[in-house]
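Join the two chains into one complex using the hints; note that each chain is given alone, in its own frame.
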Amino acid sequence: MNAMNSEGYTTADGRKIGGVMMEMKNITLRFGGVKAITDISFDIREGEIRAIIGPNGAGKSSMLNVISGFYVPQEGEVWFHGQRRAPMKPYEVAQQGIARTFQNIALFEGMSVLDNIMTGRLTLMKTGLFQQAMWWGRAQKEETAHREKVEKVIDFLEIQDIRKTPVGRLPYGLKKRVELARALAAEPKLLLLDEPMAGMNVEEKEDMCRFILDVNDEFGTTIALIEHDMGVVMDLSDRVVVMDYGKKIGDGTPDEVRNNQDVINAYLGVAHD
Amino acid sequence: MAATDGEVGHPTSIPALLARNARVYAAQPAWREKEFGIWQVWTWAEGAAEIRAIALGLMALGLERGDHVAVIGRNRPALYWSMIAAQMCGAVPVPLYQDATGDEMTYVLDHCGARFVVCGDQEQADKVIEVQERLHHIDQVVYVDKRGMRKYDHSRMNALADVVAEGKAAHNRFDAELDARIAELNYDSTCVMLYTSGTTGKPKGVVLSNRNIIETSKSSAGFDKLRAGDDVLAYLPMAWVGDFIFSVGQAIWTGFCVNCPESAATMMTDLREIGPTYFFAPPRVFEGQLTQVMIRMEDAGRVKKAMFDHYMKVARRVGPDILDGKQVSLGDRLAYWIGDKLVYGPLKNTLGFSRVRVGYTAGEAIGPEIFDFYRSLGINLKQLYGQTEASVFITQQPDGQVRSDTVGVPSPGVEVRIAENGEVFYRGPGTFVAYYKNAESTASTKDAEGWVATGDAGFFEEKTGHLRIIDRAKDVGKMADGRLFAPKYVENKLKFYPSILEAVVFGNGRDRCTAFINIDLTAVGNWAERNNIAYSSYQELAGHPRVYDMIKAHVEEVNRSVAEDPMLAGCQIHRFLILHKELDADDGEMTRTRKVRRKVIEDKFADLIAALYDGRDSVYTETEVTYEDGRKGAIKATLKLMDVAVAPDASRRVAA
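Protein sequences appear in the order of chains A and B. My numbering puts the first residue of the first sequence at 10, with every later residue one more than the last. My numbering puts the first residue of the second sequence at 85, with every later residue one more than the last.
A few of these clues could be false.
Said to hold, decoys possible - As a list, the in silico SDA-like pairs of lysine to any residue whose alpha-carbon atoms are at most 25 Å apart:
#: 1; chain 1: A; residue 1: LYS34; chain 2: A; residue 2: ARG130
#: 2; chain 1: A; residue 1: LYS173; chain 2: B; residue 2: ARG160
#: 3; chain 1: A; residue 1: LYS161; chain 2: B; residue 2: GLY232
#: 4; chain 1: B; residue 1: LYS118; chain 2: A; residue 2: PHE220
#: 5; chain 1: A; residue 1: LYS173; chain 2: B; residue 2: ALA245
#: 6; chain 1: A; residue 1: LYS158; chain 2: B; residue 2: ILE122
#: 7; chain 1: A; residue 1: LYS161; chain 2: B; residue 2: ALA245
#: 8; chain 1: B; residue 1: LYS235; chain 2: A; residue 2: PHE220
#: 9; chain 1: A; residue 1: LYS184; chain 2: B; residue 2: ARG160
#: 10; chain 1: A; residue 1: LYS184; chain 2: B; residue 2: LYS235
#: 11; chain 1: B; residue 1: LYS665; chain 2: A; residue 2: ASN210
#: 12; chain 1: B; residue 1: LYS230; chain 2: A; residue 2: LEU138
#: 13; chain 1: B; residue 1: LYS389; chain 2: B; residue 2: ALA348
Rather than coming from a laboratory, the hints here were simulated on the basis of the structure.
Next comes chain B alone, as it looks inside the complex (with noise of 0.2 Å):
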């Protein structure tokens, strides 16, 4: 039954690849999810029967070749499950970001016109209900969680349960057509489309095929010697392209297991009894972490925060170059050893983190105090840049070569190439097939030889080969002087600051920079209590005198950083203010993926940009805010901004 296509000697779709381990794997785990307080287990042989009977269940409803099947909610086996059952139908899955408002979740569906929509429980199910008003292609829904559909209008709704008993019930009559379209799929049949998150505009569908896929899959898996047996936890959002690739395509590849947890708010509860072998996060979830650990740490008594102390400092010495097995001396080896002892192994296994052989992190720069601490320790953190067009990767670190400023080398089978304004452009053979329904985005994204640009402006190291990202190349700009503006470069210095959650630098254009700064609640509210400063409110928290104070001296040291590059010294910021809200996704300030949106974050407080360049000591300000259930408010201040002191530019004289 299995496509086998002859010239790649392996399975060619994602249904044929799970058919094979339904034979290889039949009796190992291959998802778990935590409900009723357990781990519930599903072997190869026995998720592929689900998904078979989920597939079967679709086909009575009707689903046809080509259709779209939007899947919306947390990572759960069932709803991964219902997109390879779509995949097997000859319908293409889309998921779509389960946290998504009303209107975003209209475009997407209404941009690839989903048949079917599958939903994790009522909350979703009741905002596809409301866009099904609207858009009248959507013929079914179906839902995982039966909490509170009882009452709901089932003529065009199904639980997935009952789906699941349909299909079993009617094998007879669509085991030969199933067969037949599972036989159909190659490896240039669509396996999923994923909507980009769009800083800029509205989300595209990255088209993606079982060649990308499964090409991807197979590379990584080797690059990082991924086998049967590992564990991961699947917690990123399923629409987002990493954890289609870790969690499918990688997952199914070399079929190891897929653990979901059992809600958003365990997540570290379950990490930690999952222990994952291969493990990836964004920055913000290790920086979270680490500032856990110090929080912690502070208030701990003093005998165990002096071992604490005296260890971390043994491993920041020598535990990286143990991890790259590079010659150390005997004596640091058991010192090592015995830290490993006393503290980092228990640390490890507090954070989840004991089995981790690879872990990843990607999507934004991470501090390189916080990617050390984690080296440090032993664990084998490394970083990786992609994309949604690439099948995410494009470049990756190799074990033994990690550092904190570089992304790696190219992938294995892609090419990477450097255009002459800086734009680094790649092709290979994870390349996105084209934008679903935009030809002309395709067009100016992929040219004819298969290349396709960033959007990000960086170099290759010349001693190591490595990339190094400065900045997204839209955003990299020239100030009035003419000399370099690299936004996004001194953000993320100045978020490697625990208190620091959010930064965005202006200046494009103009004779200096000038920040806004968004603190973290959790990291100032504890030092805030430490130093017995009381504040009723996330507002008067941010503009405390000495929470200004504090900032202040971070940017002046950020600022002494960045002066000591000479192509970015004009990057310096003379003004800063400390923002009275966080920056939302809710208000469009960032995308989904925690990004932040300049264009919307410079017309909504132009009032407050327009004082830190006037001189003025405060501003009075009124922003609009939405709530979670989409409610709109209204939140006042007056801010203070304070100027910074400016480390000299040896290159050239500073301006104003």
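Isolated chain A, as found in the complex (with noise of 0.2 Å):
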């Protein structure tokens, strides 16, 4: 990698990785007695994909968290856009450009894909409830403008043929996607993908990078990723994150991830005398 500088730096593949978006300034978080994460420092890049990982319980589903602003650090500051960034609730995270999926689907499932998508854009609506129950004038020209996007969204991810399907018919992996699709139907500057590759099979997990990817270098959005699968996080992430017991281990690109000492042990184990 390039030397980095706080203009950026260019990735091997050539792609052009802009200044710090976000920065966590020497995070900790408490769950009464319990340290989830010990005084933490990273930084994430405009365009750049971003991993954490680290074994079970390591802490990076909190930090994701920290990150969307959904879990308050005691100690710490989180830096958005230059800006320091206070407590918030989850819509104005959502108005900031931040959009997520779960390690868990969360999807309604009784609604249409088409529905569950059409969610990801209600942060961007402008009209008020009633005049979208009248569905009348100004609400309706707006749906029709938000159903545009979504569509944009749904050829992007290749679900054109499950678009009236409930969510509750389909499988797993194709929920997954579902998932990501209406994250990215928020037009977010910022897209956090806890597990998406969770207990998906290789033809599903390449799939999955491939869009992960595609979205990072067609709308140049930001990504962060936690993960399990390390193939997969090497392959498809600029920098890393490694986590242990809460505390960071490791942080740099995949090569540097891997030749790295503390990380081998972390994932090995090393042998007690």
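Set out below in structure tokens:
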């Protein structure tokens, strides 16, 4: 990797990565007496694919929840676009341009794929409840415009054939894709993916990888993801943060991380005397 | 501008016909494509403008007369336009099968020496780039869908949208030259080159002239009274001659509208939305739809099921006669009318056949039950017999003379004769010019008088003058005791059972016939579910004793039916096995158009065939399979072999 500075860097495959988008400064998160995250700092840059990895219980999901603003850390600061972030409501997070998917799929099972993805655009809708209920004039025009955006996402993720299918009838791999579609419909600047490939077979994983890369390439979306599958992470991401027992034990390009002794120990274990 | 030939009295090239349509049908829809959930429409005038812009852009990229332009991708207006644009430039479009593997594609691209390749999307572009490393004559790659293409080296690669923009910008520079090139086209210039799927050996490039395509389109459109305002769904491979005739030739001759589905997976939904008036499908599509309907009716409530059964009985009895305009009693007409309101109408609507005026099936034999099912609903489904070398049409069925076991009478302008050995020969205005760079094959297929050997064995029925096809001429053989061996005849009978997807019969030069069976996972899986049979894989289901029993019953029924024909009674199946994997084009066992490659199967499964003849009860085997991404793996299985009762053959004593 080229030398990194505040201006950004260029990746091995020639993508330009911008300046810092989000910075975590000395984050510590406690649940009662349990320290989930201890004094962690790292940054996420414009346009990069940033992975957070670590063994079970390392605090990865907690970290993602701090980024998304769902958890407020007891110590430390979160800086977003050069501003220190105050505690926020979920809709405020969404309005800032952050969208996410969940480890355990959180879709409306009884609704169609299309309706599920439309919910991703709720925060962008301007007309009020009454206007939408009457569905007349501005509300109607607005829905058409939103539907157009949603159709672009459907086309992008190649799920045209299940547009009208209720989500409950879909297999797991497709549900994951619909969740990604809903997050994309919000046109996020920063996309958080919580184990996007968990429970998938090889083919579904390959598809998902391609979609993640295409999202990053096509829309320039910055992506932060948590993943268990080391192979996937190393292929996909530009930089990787490694966590273990709530602490950061590595940070750098996939190659740097792969050769980091602490990381190897955490993953493979060390012999105790 | 139009190159009208005084002799024929109409434009004599596809681009000239396009110019005519842009004038005559200017504001009528010519192409539709579903994209972003909505049907996008282009009128003839708009489409013609797009095509001209593409042609100008291709000229700006340096496309020369006589160059070959390969086109690869799913059916999209942009790809049809690219083919016509290539013709305008004096080049020859060569559509390729989009699911072809790298090797197959390399052979064809090498053989035609393509300088330009137009790809649908990244998937196709990747394949071409891989081929480009070996074939240096590929100069320019153009792609339609921009997605994922940003990072590619664009020094010799362009998005079609950019080519169009460049063409529009440069029109002052190229207008005159383009008009000159269009004016040069005549009835004898090459219209398109299509590669045959090749059940044997390497694919051959069939050169078809404007005369072939336009004459064929003219007479076949007249035969079925096609007209502007008709709608077709373009969903079959663009590399297949049928699609070129329907979606380019006939469409541009009559001015009807070509509709492209959103994706392969949405084809059925799109079919329903468009409701084509003119529809073509290979038998397997009709079979698949019928299977779906039957599966859903099995799960329907008792009242609905009873209503469906009752009115389908009425339809089977009087439907075909009503369709053919024969005399039917008033009571039956009334019953059919009620049935139409309650069952047939809604069913046709669900299937997308509400508006079908003319439907065709060809390529394989269609089961009589399936054929009659659609006709009894009032869908005018007919059969035709054709091949690439004939620009499709050799024989076809006129309205009112439709049967499932014939392929109709010779198409207008086509002469057909049967050789002494039973092989079918034809000649006509659609007869191809030559095989590209293969004078030897051309000479052995087409004689000096223009007669072309089809390679199929058949005969004309004396009473009706309809042609009946028995089998591939080279597959028709003799058994050890000299009796006729026609495998396809038996295989087709087997395949008419919904639970049998594919069958391969052996017996040439042997004393008795045996068969491989492929089960249909949808039908058998559903049957298993209803009968509480648990299974975890295709292989396990295929080997299940009760599945074997069911297939055995089918085979015995077929044997009884085969025994009725004294000429073919020797082809009864004595022993069979159910294969542990589906025969697949990726493994080379079938062609891309899903025709069985006998030789490959005989070599690959030699151990299984041996077991069918040596009396063992089971056989262990390992088979190599190729996954969709090209990787290889092996599956192991122990297969059961099962004996079948044979009906007594009246003409001769059964050997062994």
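Comparing the hints with the structure gives:
| no. | hint | in the structure |
| --- | --- | --- |
| 1 | A/LYS34 / A/ARG130 | 31 Å, violated |
| 2 | A/LYS173 / B/ARG160 | 23 Å, holds |
| 3 | A/LYS161 / B/GLY232 | 15 Å, holds |
| 4 | B/LYS118 / A/PHE220 | 22 Å, holds |
| 5 | A/LYS173 / B/ALA245 | 31 Å, violated |
| 6 | A/LYS158 / B/ILE122 | 13 Å, holds |
| 7 | A/LYS161 / B/ALA245 | 18 Å, holds |
| 8 | B/LYS235 / A/PHE220 | 15 Å, holds |
| 9 | A/LYS184 / B/ARG160 | 28 Å, violated |
| 10 | A/LYS184 / B/LYS235 | 29 Å, violated |
| 11 | B/LYS665 / A/ASN210 | 21 Å, holds |
| 12 | B/LYS230 / A/LEU138 | 38 Å, violated |
| 13 | B/LYS389 / B/ALA348 | 31 Å, violated |
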